[in-house]
Amino acid sequence: MRTRFEVNGKAVEVEVAPRISLADCLRDTLRLTGTHLGCEHGVCGACTVIVNGEAVRSCLILAVEADGDTIVTVEGLSNDDALTPLQASFRKHHALQCGFCTPGMITTTHALLTEEPYADADRIREVLSGNICRCTGYIPIVEAVLDARAHYADEDTSP
Amino acid sequence: MKPKNLLIGSPMERVEDLRLLRGRGQFVSDINFEYQLHAVIYRSAIAHGHIKKINTGDALAIPGVHAVITARDLGPRMPMIPLRLQPLPELEPFCQPMLAHDKVRFVGEPLAVIVADTPQIAEDALNHVDCDIAPLPAVVDRERSEVGTTILFEDHGSNLAIRWSATRGDAEAAFKTADYTRRETFRVQRHAALFMEPRGFVAQWDAASEMLTVWGAAKVAFANRRILAAAMSLPEQQIDMIEVDVGGGFGSRGEFYPEDFLIPFAARHLNRPIKWIEDRREHLTTANHARELECDVEIAATSDGRILGLRGRCWSDNGAYIRTNGSVAPRNVAQFMSGPYDIENIHITTDQTVTNKTPAGTYRGPGRFEGDFVRERLIDIMANDLGIDRVDVRRRNLVAEAQMPYALPTITPHESVTELDSGDNVELFNRCLENFGWEEKSRLNGRLIDGRYHGIAIGCFIEGGGAGPSEDARIVLETDGLISVHVGSSAVGQGIETIMAQITGDVLEVPFDRIRVRHGSTGDVTEGYGSYHSRSTVMGGSAIVLAAEKLKTLIREVAAQALGCTAREVILDSEHARGPSGHSVALSEFCSEPIEAAATYHNTKFTYAYGSLAAHVAVDSKTGDVEVIDVVSIKDVGRIINPLTLQGQAVGAIVQGLGGAILEHLVYDDEGQLLTGTLADYMMPSAESFPNIRSTVIELKPSPNNPLGSKGGGEGEIIPVGGVIANAVAAALTDFDIEPLDLPLSPPRLWALIRAANKRY
Amino acid sequence: MKFPEFDYTCPTSLDEALDLLEKHGDKAVLLAGGQSLMPVLAFRLAAPGLLVDLKKIPGLDTIEADGAGVRLGANVRWCDILGNAALEAAHPLLVKAISHVAHYQIRNRGTVGGSLAYADPAAEMPGIAVTCDANIIVRGAAGERHVKAEAFFLGALTTSLAPGEIITGLHLPAWPVDQRWAFQEFARRRGDFALAGTAVYYNLDAAGRAIDAHIAVIGAEDRPRRLIGAESAVNGRVVNADTIVTAAAEAASEVDPMEDFHAPAIYRRALVETLIARALADAATET
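As given, the protein sequences belong to chains A, B and C, one line each in that order.
Under numbering that gives the first Met the number 0, the letters of the first sequence match residues 0 to 158, in that order.
Under numbering that gives the first Met the number 0, the letters of the second sequence match residues 0 to 760, in that order.
Under numbering that gives the first Met the number 0, the letters of the third sequence match residues 0 to 286, in that order.
Derived by calculation from the structure, the hints in this document are not laboratory data.
Computed from a predicted model, the values in this text were never measured in an experiment.
Hints may be right or wrong, so weigh each one.
Listing some non-contacts, in silico: residues in chain B with all C-beta distances to chain C over 12 Å [stated by the list, open to error]:
hint	residue
1	MET79
2	LEU135
3	THR148
4	VAL416
5	ASP479
6	ALA686
7	ASP736
In the DSS-like style, the derived pairs of lysine-lysine whose C-alpha atoms are separated by at most 27 Å in a straight line are [to be verified]:
hint	chain 1	residue 1	chain 2	residue 2
8	C	LYS26	C	LYS55
9	A	LYS9	C	LYS95
10	C	LYS54	C	LYS26
11	B	LYS51	B	LYS102
12	B	LYS621	C	LYS95
13	B	LYS440	B	LYS621
14	A	LYS9	C	LYS22
15	C	LYS54	C	LYS22
16	C	LYS55	C	LYS22
Selected chain A positions facing chain B (Cβ under 10 Å, derived; list incomplete) [unchecked claim]:
hint	residue
17	ARG26
18	THR32
19	THR34
20	GLY37
21	ALA94
22	ILE138
23	PRO139
Just so you know, even glycine gets a beta-carbon here, dropped at the ideal spot from N, CA and C.
Next up, chain A with everything else stripped away, as it sits in the complex:
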């Protein structure tokens, strides 16, 4: 079945069986392997991507269901030359060890800070409660996100 959507600014058209998840389509058909599968039942958050500006679990969305959507993955939130301010903050605070949950953390917190650049630690923890990390114990991730707010606040031009 044909489905068309935009991924990281590029229009994409793929032919996939209806039962293929958006996550598998991104990973296998489009070879964007930054989005990871940690559970495939909507709990761990490693598969989080941004659809139409909102952080969602790509393992629970069908590729055909995403027809017409605008999708951003961790690759779309990255530069070739330097780390983004959010990524640099993660690195500075050692907010990743094995790196498997990290793309989901990046997409989720990017979506959060874009909407709520002044989110406090409690709000950040609440939002991250849907992303499981087994390595870091979360504290450095929360610190990294708090530290990255300054960049998003600068970018925030809403009245």
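Got chain A sorted already, so can you dock chains B and C onto it with the hints?
Same frame as chain A, but now just chains B and C:
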């Protein structure tokens, strides 16, 4: 070793992060070959039974299915998973076949491998395999295992694999004459490592050269290659195990599981690249479980709180098979139960018994988390009974610095001894009390504030690290001036690319950014032992020290010729080699061939990091809910390579420990079915669970046992958490006079204890 | 845990969707946010032949709040409820309850209709619907019907939705502005399905005594239910410490809790008593 210490000790940001943050890591599930096929494992849905027949015809008929491999296809001799760490005769009868063939012994045991065009089709085919199993009663607990009506390995005749004894002094005499003794039964629940990246392999067979390449290796690639080679009747040299990015291990990933053989076998069998990635539901019944233990232990002391002895019996529920980790955890329970305390008379036994559940293996601080829970609880119970302050009683019983090296109990059978290498337990304990604010927080202890009871506790721990026997490193000065480091240590997320580069940079005296570290794969070094028992920094790091020193000498010799001086006169100055005349040559220019040096570091003595951990909890007596308000820890590792990554290990370990103390539980029913089959049922800590943790790692007393002076530090802080949280809860509920003796401290359990205490609340 | 095979279609009108359901019978399954359905399919607990995606059907995503009450379209998502400024005042209990649903990513997809249709015993939306005597709007080939919430939820994962029917919305009665209310749930971690929860509200007569008390238990039984005995213990009385103790005890004896490996029935019963006591105390507190 007298390096400049520019890099060692520095909180260098990690090299690995550059790709991992961008989603450019390469995990095994990111690897794809054009002609690959996908494998799915058909597993037993029954916990115990005799296999009568397995019908694969229907599955094979499905379009897109290429093969259904069963035991029959593996040849006349069924390969078995060998014992890697402790090849003891007692354990041999309990080894697992790569595919079940006559019996199944746990839900999840592999019965067949389905290979298809896509993972979707392979999974569809699972419903069309028909396995006829005559069920047997399931042995799911200690009583049933010991009674022996149902035996898992009939030829062997017993469900008891081995009984370890830890002995020191004369426990019997000590208990006869002690002023005070107290005996209790403790239970630690089955839980597991639950690393976030599911296991997987991609295997490729080249029929022309008869070379097998396997991606997805982790932790102990060389040992696993050896095992795989034997199972496939291939020379080791014809197998290349490649370690890519690995999403966590914690002692569980990297052990040799059936799939480590089945997938490469399928690749050769079908002459196609085969990809297998486990799913999370499968993971919960197939990756090693851990920690399930019951202990009947008693403590003996003088009336003024000097601990005289510890004795008791423990039973470790090992699950259905003994795999590569052998008997590490059960043995550790006995050998390390006394921890950092000076207890002269010890007799502890641990029985390793089999049951119809997923096999158990090592998980961060194996046997130590469990043993510490028992010991720390007994110490607090004793202090309460004797009316002595819990802090005072610990301080007077900790092994003193003057007693180092301090021999721990002797383990039998296969006698082994170990000793604490160095350390000042009392100093760390005192610092922990101060950092935690023990004096001030004591005022809250046992008090009801805003509807919740508050409690505090503190515990002390040791962490064994630096397991031998050896590790290899090979360092090359490439012709472009870059330094490539090849080491047998494995990456599981702990940042070894960065840490090893720091060590190399300081010894070789070259800049950090000129160094590239390659790790874990069998093509890199001649031999390697990998990453487990917190050994990478000690073993891999020390091997790098030796190799780097050799390389430095070689570079000086080559430079001496170019500079027309003696090797002794050459000074290595970051990117140049300088002679006494002031002449210099750039390292990137003076050799037309790479210069390399290799070294092996041998070690037979463990290192012991050590420290203390304190916690403050608040218990809602009506719901049984425990909130962890504050956790403070301190640990001495002798020599810190990277404080940033070491701190990361500490916090991560503490949170895992808190999960084990309160949330996590692999629950089985009476028929051996795992009830906690999803991540919604198996509850792991989330970002909101434990937000207040302060950990400190210091270098106070170096280890005398390796050139770095470092002590393995990847596991320690998990070890005391169960005991400390349980003690804090007990302290909070002093008014109710209850003793939590079981983990996890779940709300329904605490509520039941409180209710049974029959007090008005 | 790859999904089983199925077809997918995305109708652009309600009539088209109804026709599809009629044509395909029980082979067709409705897809809203997918946050409950997709995990079911991942575990292969169901094998539908056709997924009918409701996302393009117009008019199902509106939120209306006025004197007649609050009307939520079936496709309204949790994030839409939480982001709607008017609802905070129009129905604070609804907003509070929904803030407990699952996690951030799930709240961006999960829908009112999907939750009502799935009928998880511990789900907040069915719980609030029953507490507030809401009407569930259902459309079928025969037309539209309104089903009282308490008649809609029949048991765990079971509703009175007939084959070929689609939930199109939920109507909550108007919320008096000075109504006393509270929401309490107990879960092991935030976002987990609660082991038990409660939603309560009542009004006060001229003498300061409670009237029209609604006390519902969520998650302790196989479906949400108003506890009439507990409500009787509150109605006509001043909601003071004694009343609260009595009402909570009444609730504990009235409830028939589920038992599973997460919590035995006896624990859930005690939890219900505690939560209702706390909720009533919360509701009674002037803020």
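Outcome of the hint check:
no.: 1; hint: MET79; in the structure: holds, 29 Å
no.: 2; hint: LEU135; in the structure: holds, 24 Å
no.: 3; hint: THR148; in the structure: holds, 25 Å
no.: 4; hint: VAL416; in the structure: holds, 43 Å
no.: 5; hint: ASP479; in the structure: holds, 46 Å
no.: 6; hint: ALA686; in the structure: violated, 9 Å
no.: 7; hint: ASP736; in the structure: holds, 20 Å
no.: 8; hint: C/LYS26 to C/LYS55; in the structure: holds, 21 Å
no.: 9; hint: A/LYS9 to C/LYS95; in the structure: violated, 39 Å
no.: 10; hint: C/LYS54 to C/LYS26; in the structure: holds, 19 Å
no.: 11; hint: B/LYS51 to B/LYS102; in the structure: holds, 9 Å
no.: 12; hint: B/LYS621 to C/LYS95; in the structure: holds, 23 Å
no.: 13; hint: B/LYS440 to B/LYS621; in the structure: holds, 23 Å
no.: 14; hint: A/LYS9 to C/LYS22; in the structure: violated, 38 Å
no.: 15; hint: C/LYS54 to C/LYS22; in the structure: holds, 20 Å
no.: 16; hint: C/LYS55 to C/LYS22; in the structure: holds, 19 Å
no.: 17; hint: ARG26; in the structure: holds, 8 Å
no.: 18; hint: THR32; in the structure: holds, 4 Å
no.: 19; hint: THR34; in the structure: holds, 7 Å
no.: 20; hint: GLY37; in the structure: holds, 5 Å
no.: 21; hint: ALA94; in the structure: holds, 9 Å
no.: 22; hint: ILE138; in the structure: holds, 5 Å
no.: 23; hint: PRO139; in the structure: holds, 7 Å
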